[in-house]
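There are 2 protein chains.
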Amino acid sequence: MFEISRLSTKQPDFDAELDKLVSWDAHVGEDLEATVAEILHEVRHRGDRAVLDYTRRFDRSEAQGVAELEVSAARLRQALDNLPAEQRDALQEAADRIRRYAEQQKMADWSYTEEDGTLLGQQVTPLDSVGVYVPGGKAAYPSSVLMNVVPARVAGVERVIMVVPAPGGEPNELVLAAAAIAGVDRVFTVGGAQAVGALAYGTETIPAVDKIVGPGNAFVAEAKRRVFGVVGIDMIAGPSEILVICDGQTDPEWIAQDLFSQAEHDEEAQAILVSPDPMFLDQVQSAMESALPEMERSEIIRTALAKRGALINVRDLHEAAEVANRIAPEHLELSVAEPEKLAGYIRHAGAIFMGRHTPEALGDYCAGPNHVLPTSRTARFASPLGVYDFQKRSSLINCSPEGSARLGRIASVLARGEGLTAHARSAELRVEDQEGEQ
Amino acid sequence: MFEISRLSTKQPDFDAELDKLVSWDAHVGEDLEATVAEILHEVRHRGDRAVLDYTRRFDRSEAQGVAELEVSAARLRQALDNLPAEQRDALQEAADRIRRYAEQQKMADWSYTEEDGTLLGQQVTPLDSVGVYVPGGKAAYPSSVLMNVVPARVAGVERVIMVVPAPGGEPNELVLAAAAIAGVDRVFTVGGAQAVGALAYGTETIPAVDKIVGPGNAFVAEAKRRVFGVVGIDMIAGPSEILVICDGQTDPEWIAQDLFSQAEHDEEAQAILVSPDPMFLDQVQSAMESALPEMERSEIIRTALAKRGALINVRDLHEAAEVANRIAPEHLELSVAEPEKLAGYIRHAGAIFMGRHTPEALGDYCAGPNHVLPTSRTARFASPLGVYDFQKRSSLINCSPEGSARLGRIASVLARGEGLTAHARSAELRVEDQEGEQ
Numbered sequence: 001m002f003e004i005s006r007l008s009t010k011q012p013d014f015d016a017e018l019d020k021l022v023s024w025d026a027h028v029g030e031d032l033e034a035t036v037a038e039i040l041h042e043v044r045h046r047g048d049r050a051v052l053d054y055t056r057r058f059d060r061s062e063a064q065g066v067a068e069l070e071v072s073a074a075r076l077r078q079a080l081d082n083l084p085a086e087q088r089d090a091l092q093e094a095a096d097r098i099r100r101y102a103e104q105q106k107m108a109d110w111s112y113t114e115e116d117g118t119l120l121g122q123q124v125t126p127l128d129s130v131g132v133y134v135p136g137g138k139a140a141y142p143s144s145v146l147m148n149v150v151p152a153r154v155a156g157v158e159r160v161i162m163v164v165p166a167p168g169g170e171p172n173e174l175v176l177a178a179a180a181i182a183g184v185d186r187v188f189t190v191g192g193a194q195a196v197g198a199l200a201y202g203t204e205t206i207p208a209v210d211k212i213v214g215p216g217n218a219f220v221a222e223a224k225r226r227v228f229g230v231v232g233i234d235m236i237a238g239p240s241e242i243l244v245i246c247d248g249q250t251d252p253e254w255i256a257q258d259l260f261s262q263a264e265h266d267e268e269a270q271a272i273l274v275s276p277d278p279m280f281l282d283q284v285q286s287a288m289e290s291a292l293p294e295m296e297r298s299e300i301i302r303t304a305l306a307k308r309g310a311l312i313n314v315r316d317l318h319e320a321a322e323v324a325n326r327i328a329p330e331h332l333e334l335s336v337a338e339p340e341k342l343a344g345y346i347r348h349a350g351a352i353f354m355g356r357h358t359p360e361a362l363g364d365y366c367a368g369p370n371h372v373l374p375t376s377r378t379a380r381f382a383s384p385l386g387v388y389d390f391q392k393r394s395s396l397i398n399c400s401p402e403g404s405a406r407l408g409r410i411a412s413v414l415a416r417g418e419g420l421t422a423h424a425r426s427a428e429l430r431v432e433d434q435e436g437e438q
Numbered sequence: 001m002f003e004i005s006r007l008s009t010k011q012p013d014f015d016a017e018l019d020k021l022v023s024w025d026a027h028v029g030e031d032l033e034a035t036v037a038e039i040l041h042e043v044r045h046r047g048d049r050a051v052l053d054y055t056r057r058f059d060r061s062e063a064q065g066v067a068e069l070e071v072s073a074a075r076l077r078q079a080l081d082n083l084p085a086e087q088r089d090a091l092q093e094a095a096d097r098i099r100r101y102a103e104q105q106k107m108a109d110w111s112y113t114e115e116d117g118t119l120l121g122q123q124v125t126p127l128d129s130v131g132v133y134v135p136g137g138k139a140a141y142p143s144s145v146l147m148n149v150v151p152a153r154v155a156g157v158e159r160v161i162m163v164v165p166a167p168g169g170e171p172n173e174l175v176l177a178a179a180a181i182a183g184v185d186r187v188f189t190v191g192g193a194q195a196v197g198a199l200a201y202g203t204e205t206i207p208a209v210d211k212i213v214g215p216g217n218a219f220v221a222e223a224k225r226r227v228f229g230v231v232g233i234d235m236i237a238g239p240s241e242i243l244v245i246c247d248g249q250t251d252p253e254w255i256a257q258d259l260f261s262q263a264e265h266d267e268e269a270q271a272i273l274v275s276p277d278p279m280f281l282d283q284v285q286s287a288m289e290s291a292l293p294e295m296e297r298s299e300i301i302r303t304a305l306a307k308r309g310a311l312i313n314v315r316d317l318h319e320a321a322e323v324a325n326r327i328a329p330e331h332l333e334l335s336v337a338e339p340e341k342l343a344g345y346i347r348h349a350g351a352i353f354m355g356r357h358t359p360e361a362l363g364d365y366c367a368g369p370n371h372v373l374p375t376s377r378t379a380r381f382a383s384p385l386g387v388y389d390f391q392k393r394s395s396l397i398n399c400s401p402e403g404s405a406r407l408g409r410i411a412s413v414l415a416r417g418e419g420l421t422a423h424a425r426s427a428e429l430r431v432e433d434q435e436g437e438q
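Order-wise, the sequence lines are chains C and P.
Under the numbering used here, the first residue of the first sequence carries the number 1, and numbering increases by one thereafter.
Under the numbering used here, the first residue of the second sequence carries the number 1, and numbering increases by one thereafter.
What the hints contain is simulated information worked out from the structure, not anything from laboratory work.
Note that this is a predicted model, so its numbers are computed, not measured.
Wrong hints could be hidden among the right ones.
The list treats identical chains as one, so a pair stands whether inside a single copy or across any two.
Listed next, the in silico DMTMM-like pairs over lysine to aspartate or glutamate satisfying Cα-Cα at most 25 angstroms (straight line) [stated by the list, open to error]: (1) Lys341 <-> Asp251; (2) Lys20 <-> Asp266; (3) Lys307 <-> Glu158; (4) Lys341 <-> Asp116; (5) Lys307 <-> Glu268; (6) Lys307 <-> Asp81; (7) Lys341 <-> Glu114; (8) Lys20 <-> Glu42; (9) Lys106 <-> Glu267.
Excised from the complex, chain C in its bound form (with noise of 0.2 angstroms):
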């Protein structure tokens, strides 16, 4: 037996309970706060010396300076050669795809030129340098290494630091590999808020950065918010989920093992279960209630499906997609015969996966879109990672002397009004000018 929530949207609490089961709240409590804070002030003035500190007391390190917390190019390299050749392959592959699919979201630089000759425009140019997070200890993921170091690469960023705590050890031998082939610049077995301060201020050893991505714990999350500004951020990342809308016609079997792969993440992660056809949720429970017992992961899954999993019975798939709308899925799966009409009705998600032959699986691996989507409902103003997040715009304006007159007469009309005089007279010095002319 195992435990999951049974929703309907005909039962009169539903909005209630739906708010419930989704929310999520990352509030982290003023005691991780207080250290988070301390940790980065420590990192920031002592540079090194915190860093090495708080390693050896955090990760269990015996190293006496920073230097040797760095991993070597020639350690990566043998960590790619000694991988068995079908896991190679597969990270190699993985990194082609998301590579060919990162290349499409380059932005470019555009322009107009108006009538009197004054151009505008946009920019482009890349991030000169990127700092990846990657968790160590058993969340160590090689193709997180590959999703968040490829897209920058495609980008155009020149320098990519990774940093991975490797408590009391090595670091993954996959993630040293996958290093290895997205190419990373360097990497450093750091973790924690001190890897995060020290990618921000910079220290003696470890470069500062301009962005900081990758997920982390509760005090890599923290000190990301608290360094933003510093640098850039990607996003504070929540338990993952997913949103599978079936109409009752994919093999049970399927959905349930779909279900399960994001409740085998850990305990806090969210499998969700919509369809208008109340008998196929039973028979996806009972398909669950068959496999679990031998999955390798079955407490975790079953922890996470007690805690925050259901099985929502609605009307038709347009209220179906009127769920998933409010939920903003970081996942949702539309397991139905016409996914490309019910995608169009989605407003909200971080990745569709469209079509029976789609689960969430392919896309966390090698199909080539990113697997660091928004979370926790923030699809609703958040996209995917992605190679634009690497890069950024430059605004261009280039006036003609005639449209430098023409746009001064509206600019100083409008500085005046908010009391900006020397804006107005900046403006009203080109107008004079092109009077003269006349």
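Since the structure of chain C is already known, use the hints to place chain P on it.
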């Protein structure tokens, strides 16, 4: 007499002096952090009641309910109708030009189909709702209303809510008129951290939004940082800055006013001139000297120039571009003979004003590009506010059965490498299905 730093790239301590000059510590102190945390907590849990209490206390309002703080559409219209025709026309023309430029930024869906029929792409959708914070009091700028609201409207955002504090009275008429022109849906005269909290969490009267944009004081900035994740935010704005690069051939009086137009914003604003011609630096200094007493905001300008202004001598324009890239200025004016050529060397800047006839003031009001720009060196990783800030992307993946089988084999290897066997099973079920077909 007025004070301004003189620097030269030839001096041995130039790098250190430049760092000192441009450094800006956004750190707000623990007291302010605690105050903002409390205000947000109160607004989240007591809703309207808390918003009303704070507004009565901080803004000396005598309102008896939050509904009284709403400004009606008729009142906005009235403000617009009552404006002198010259101001109304200028606002309207500015809005039109901002809209025309913003239209160019609209992101569109894209996709490609692989040989086996697998479709990959991204779907673009607007945010549902946006909150725009407009500062009150002296710095109530109608141009900011246009710059924040128009791109949201172009993106297709359905609900735009504006908040603007009105300490001890009515909001600025020009601000209300700009709200009418830009097409704001609802306006509340609420400000500070309580306004940010209301927009993030929603109250009985003020609806929650998906993203909050717009500048504010330290309380507003800290509140935005804290609600980031619950809602999207634009950026944490620091003081405004301009860097002018001039070859020495522009009228020194023009450059003096361009620098003043930045310095007059507030005492922390930064105005820097870089030129390879030391004589020109002297001429601009003299021009500033002569013009300063006549400026209406001369005391603010004087303080800003003394605290953070500088005249920097460089070896050549190439070195000037290097200085600009280190500073990553919000506004960069290229007052040179060949601005297109020089712009090609610029990697980091919020907006680039090219040529002698393109003073920053035109961009502040009506050229078209947004005046909400990355400050405090954040142009290293951030972009001007744009339509793209009010749209988001969802990845699209639609695998053909053959594509699913091919990708499933790769995903299975990688998932098992990461110990995520439900991921592997979910992929393998589709592989097996296709193997059964053959």
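Now for the hints, and whether the structure bears them out:
Taking identical chains as interchangeable, the C-alpha atoms of Lys341 and Asp251 lie at most 25 angstroms apart only when both belong to the same chain, with a minimum of 21 angstroms there against 61 angstroms between chains. Taking the closest pair of Cα atoms, Lys20 and Asp266 come within 25 angstroms of each other only inside a single copy of the chain (19 angstroms); across copies the shortest separation is 46 angstroms, beyond that limit. Proximity of Lys307 and Glu158 under a CA criterion of 25 angstroms is satisfied in neither setting, with 44 angstroms inside one chain copy and 35 angstroms between copies. In this assembly of identical chains, Lys341 and Asp116 lie within 25 angstroms of each other by CA distance solely across copies; the values are 21 angstroms between and 46 angstroms within a copy.
In this homomeric assembly, Lys307 and Glu268 come within 25 angstroms of each other (Cα to Cα) only inside a single copy, at 7 angstroms, whereas the closest approach across copies is 51 angstroms. Neither within a single protomer nor between protomers do Lys307 and Asp81 lie at most 25 angstroms apart by alpha-carbon distance, with minima of 42 angstroms and 57 angstroms respectively. Taking the shortest alpha-carbon separations for Lys341 and Glu114, only the inter-copy value of 20 angstroms comes in at or below 25 angstroms, while the best intra-copy value is 40 angstroms. In the homo-oligomer, the alpha carbons of Lys20 and Glu42 lie at most 25 angstroms apart only across protomers (21 angstroms), although the nearest pairing inside one protomer, at 39 angstroms, exceeds that limit.
Proximity of Lys106 to Glu267 under the C-alpha cut-off of 25 angstroms is found in neither arrangement, the shortest distances being 36 angstroms within a copy and 39 angstroms between copies.
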